[in-house]
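On the provided structure of chain U, position chain X as indicated by the hints.
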Amino acid sequence: MAVGSAKLIEIINLVANDIQENKDFLTQLDSAIGDADHGINMSKGFKAVTEKIAAMTDKDCGSILKTVGMTLVSTVGGASGPLYGTAFMRAGQAVGTKKELGFDDLLLILDAALEGIKMRGKAEKGEKTIVDALEPAVEVLKSSPVNLKLLEEAVKAAKDGVEYTKGIIAKKGRASYLGERSIGHQDPGATSCYIMLAAVHRALSEKSS
Amino acid sequence: MIVLEWGDALVGIILVSHSKKMAEGAKEIITQVIGDKVKIEVAAGTSDNRLGTDVFLIEQKVLEVFDGDGVLIIPDLGSAVMSAEMAIESLEEPVRSKTHLADSPFFEGAIAASMEASFGKSLEEVKKAAENTRGMNKIA
Chain U
692 MAVGSAKLIE
702 IINLVANDIQ
712 ENKDFLTQLD
722 SAIGDADHGI
732 NMSKGFKAVT
742 EKIAAMTDKD
752 CGSILKTVGM
762 TLVSTVGGAS
772 GPLYGTAFMR
782 AGQAVGTKKE
792 LGFDDLLLIL
802 DAALEGIKMR
812 GKAEKGEKTI
822 VDALEPAVEV
832 LKSSPVNLKL
842 LEEAVKAAKD
852 GVEYTKGIIA
862 KKGRASYLGE
872 RSIGHQDPGA
882 TSCYIMLAAV
892 HRALSEKSS
Chain X
225 MIVLEWGDAL
235 VGIILVSHSK
245 KMAEGAKEII
255 TQVIGDKVKI
265 EVAAGTSDNR
275 LGTDVFLIEQ
285 KVLEVFDGDG
295 VLIIPDLGSA
305 VMSAEMAIES
315 LEEPVRSKTH
325 LADSPFFEGA
335 IAASMEASFG
345 KSLEEVKKAA
355 ENTRGMNKIA
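So the protein sequences, as listed, match chains U and X.
Each position in the first sequence, counted from 1, maps to that position plus 691 in our numbering.
Each position in the second sequence, counted from 1, maps to that position plus 224 in our numbering.
Next up, chain X with everything else stripped away, as it sits in the complex:
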């Protein structure tokens, strides 16, 4: 069993989507399940409210969430992946090497990663939890 001390840093999660509504909706469901102890931020949509992703917004959200234990980015598709990669490249150390991108289904990956992060797991474990949701059965 993992005993968390108050104030222990947890891995942060960034949801990168073309749609702000989709990412905020995902965050809403996840927060209902695990509470607000994990920092989950949304970097979605463009600054003029179109569907799309913004490299600087992602970078800014990573910096907001980062507190030493790392950040996992969960992208939806296409430009979200490329924008997230660019955001990571433009970060400086030590943040850069502790910010990873998950190759997972968007919602399932996000909830599994957030859950794992809430247990105080490492960035690698949180990323693995997200990626292990690929191929997961929904119907028994």
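Pulled out of the complex, with its shape left as it was, chain U reads as follows:
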């Protein structure tokens, strides 16, 4: 895998597209246990991202990822703004001025993103958040040299993580006010994280097929 700046922008656009397609689903999940705006907020944020990065094909990968983060923190509005914003900004720092990314960088990116989200949200696994999808995925990627097959397993782990959020009590955000009543509902943040990881996998599969 060799992802240059143009391909990176393509991948992010695919992520944006999948968020857009799942907008109503994410909002529906959020209306059950949150403030019913996750889909709308994410869609607004990624629409702005797509416009912002369109002309960045000559920029390095770190700058592109940082721009994604900076755009999300000022356009999303809800908690996913600072959370995903921090994730992308940390990811950008992690790859620095590289103009081409490989599978090892994918681990760097997702590990930095996970650390950023945990720091910003002061969250750990098991609290019904993005972390429940992202951490298992990163753990899979750390288990052996990263390739497309391992990424597929990581996406599967994220999906299992989303399922896992159905059975636990929300400890963070608006859903935490519901206490035990949050059980039975899957976490919107974990879901959007899974959607994004699945989009990245799909984008990379298309490339190598």
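Not one of these hints is a red herring.
Taking lysine-lysine and the DSBU-like style, the derived pairs with C-alpha atoms no more than 30 Å apart in a straight line are: (1) X:244 to U:757; (2) X:245 to X:263; (3) X:244 to U:809; (4) X:245 to U:813; (5) U:813 to U:850; (6) X:322 to U:813.
Per the computed footprint, the stretches of chain X lying under chain U, defined by three or more beta-carbons under 8 Å from a beta-carbon of chain U, are: (7) 270-282; (8) 303-312.
Just so you know, the hints here were simulated from the structure itself, not pulled from any lab data.
None of the values given here were measured: they were computed from a predicted structure.
Don't be surprised by glycine CBs; every beta carbon is placed ideally from N, CA and C.
Then chain X, alone, in the frame of chain U:
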């Protein structure tokens, strides 16, 4: 008794809320009580008028209000806290270390902090006044 000289800098207050209406309403009530000597700014809602918070808007308001004595940010909840933390991280010195975030009830904290700031108190004292409102009795 504290005697204020005209032109003495006072700690500024930023109200960070998901709702512009809520933050402006809070500011309206506070201003009625203490007048307009304390700089109170609202950083609330998104640029397209949805409920939400915006890191850059908070940063911009801090810079508008800052005049040397520091700025206290009062967030409502959730993303307001995270966005305010991010805004502080992205500020440069000397503003950064003189911008603090209060862990207090939104309205009670805002009015107590503004009152304290109007007396010319330090940033630490203003923050403490906001945070001391937690658990305050409303009914005697």
